[in-house]
Amino acid sequence: MNAENLAYTAVQVVHNFGAAAVVGGAVFARWPTAQDPVVQRWLAWLVLAGWVAQAASGSLFGAVSVHYYGQFPDIHGIAVAALGIKIAAAVVGVAVAAAFLRLSARWGDTARRRAWAALTGAGVVALTAAAFLRWFS
Amino acid sequence: MRTLSAVLLICASLDAAEALAAEPFVRITQPANGAQLDAMDQNRLVYEVDPGPRGDHVHVYVDDREVGILRQLKGSYTLETLAPGERRICIRVVNKAHTPIGVQDCVTARVE
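Heads up: the sequence lines are chains A and B, in that order.
Just so we're aligned, residue 54 is where the first sequence starts under the numbering used here, counting upward by one.
Just so we're aligned, residue 894 is where the second sequence starts under the numbering used here, counting upward by one.
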């Protein structure tokens, strides 16, 4: 077990739990039944934390590569597009979760439902793009 | 404390085993360095790789532009149509994160 593998593993653990939080938190807010506003607020914090963890750990993958090999991962084409989609999804996720925490007290049920749908969509898109990023380069 | 010592000992043993492992390499056996290739042919790149403990798979490059990913350690890859001129064809070992680990082989071929 060398330090390099341990570093990648630690980053991957954060990334995986972030992924679970952004999708799981958003889905659980509305399914199998809509949670009450207090629980939805806690879930919004969880989802926001998940997106921040996703963004930070995603950056750390690059940082570990630079630390050990002096360069970022060598990706092109489909993988670059997938990375761009993941970054866009993270921006949407952070923005919507933050807006939910700041404004949802004034929102009706329709607006809340749309916010959770947007967060679920962003999570699903990011996880799908992650598979392309992993297996293409 | 005893558990921590055991874990550190296991880590040190694994590092030592890794250090003793064979050196990673990439060998392009075809085309030969300096070969002349026909631009109209489907040219094959024949290779053999030992990625070592840090490597995972390899990327193929033509003139520093990535053209393929290979996960087999020995085999061949059909190069897409090559533009006429001098072409530098490289295979680089990368880790699971697609980061080149500094092990590569390159050949230069004249495409006509």
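Careful: at least some of the hints might be erroneous.
Claimed, not checked - To spell it out: a stretch of chain A is covered by chain B in this simulated footprint if at least three of its residues, at any positions, have a beta carbon under 8 Å from a beta carbon of chain B; those stretches are: (1) 111 to 118; (2) 124 to 135.
What the hints assert, rightly or not - 20 Å max Cα-Cα, derived SDA-like pairs, lysine to any residue: (3) 989/B with 125/A; (4) 989/B with 89/A; (5) 967/B with 1003/B; (6) 989/B with 180/A; (7) 989/B with 62/A; (8) 989/B with 916/B; (9) 989/B with 174/A; (10) 989/B with 113/A.
It is worth saying that the hints were derived from the structure and are not from the lab.
Every residue, glycine too, gets a C-beta built ideally from N, C-alpha and C.
Hint check results:
no.: 1; hint: 111 to 118; in the structure: holds (count 3)
no.: 2; hint: 124 to 135; in the structure: holds (count 8)
no.: 3; hint: 989/B with 125/A; in the structure: 12 Å, holds
no.: 4; hint: 989/B with 89/A; in the structure: 43 Å, violated
no.: 5; hint: 967/B with 1003/B; in the structure: 24 Å, violated
no.: 6; hint: 989/B with 180/A; in the structure: 18 Å, holds
no.: 7; hint: 989/B with 62/A; in the structure: 11 Å, holds
no.: 8; hint: 989/B with 916/B; in the structure: 18 Å, holds
no.: 9; hint: 989/B with 174/A; in the structure: 28 Å, violated
no.: 10; hint: 989/B with 113/A; in the structure: 15 Å, holds
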